[in-house]
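Build the full structure now, drawing on both the sequences and the hints.
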Amino acid sequence: MSSTPFDDIQRQRHQGWRGGDIPLHRGLRVLQVTSGLAWRPAALGGLLCALTIGAVPLLILPLWFQIESLWCAGMTGGECVMESTYPLFGPYALALPLPALGAPPPSSLQWWWGALLVLAGVLLAWLMPRRWLPLRLFAASGALALAIALLSFTPVLGPFPYDLDGYLESLLIAGLILVCLVPLLYALIYYPLDFSLGRQLLLTWLTQLWLVIFIPMQYLLHAWLIRHLSLLAMAPLFLFAGLMLDIAGIVGLYTWAMSWRTRHVS
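Numbering (this note's numbering) for the sequence shown: 1 to 266.
FYI, nobody ran anything at the bench for these hints, they're computed from the structure.
Ranges between beta-carbon positions, derived for each pair:
(1) Y92 - L184: 16 to 26 Å
(2) L184 - A248: 15 to 25 Å
(3) F240 - A42: 27 to 37 Å
(4) G90 - L137: 44 to 54 Å
(5) T85 - L137: 39 to 49 Å
Note that the coordinates shown come from a computational prediction; the quantities given were computed from them, not determined experimentally. Every residue, glycine too, gets a C-beta built ideally from N, C-alpha and C.
Here it is as structure tokens:
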């Protein structure tokens, strides 16, 4: 037998108008994993992680100090950045710049406005059609986070256990750790793939550069909003615009890098 209708269909799947070839979409391609030198991804990830840790006191923290000083000057009209020392090992310690801002608890009017927002979020989640499920979940999650924050300023769950300075300290430390972990993350999910060393370094440094600049401005924007909206805004901001936003940026850059040309195009 020469060919079957099934074979013809398979050939036609890859033929476009006037007989041209239709290349396989990059979302359907199976990327080749480099073999033979399995230690390379681990070695590259470890080396870049060590270089990042070395750059923390020399480059990253001085840059964060300047960014925080600029924001604090705009919010308070003066200098409010202090250095908090964290012992590491032996005589080594890390001086992390932290803004000392403070934020007030909600006033009675702000508390009732927050209660109205919770009610509005519950109604939106209830009334929106099922095909809008992501928006329904967003509204319900925001209402739940704000409701817990409201109850924290009542005798039911109070007193509220967090303050603005401790909130900023925790998130800045978490962001700094995330910057250092980027090479190890890519050593698991990107370096083993068939991309050139230049592209692997480019993705790593683009991600770290974005995080180093974005993280202090992100959380100082949180501080500005919390100072104006009271501590009620802390929980929704952490839930929707905290570390999840940083992770989303990493995912976006990684997705873009997966579309780059590999060394051996199949």
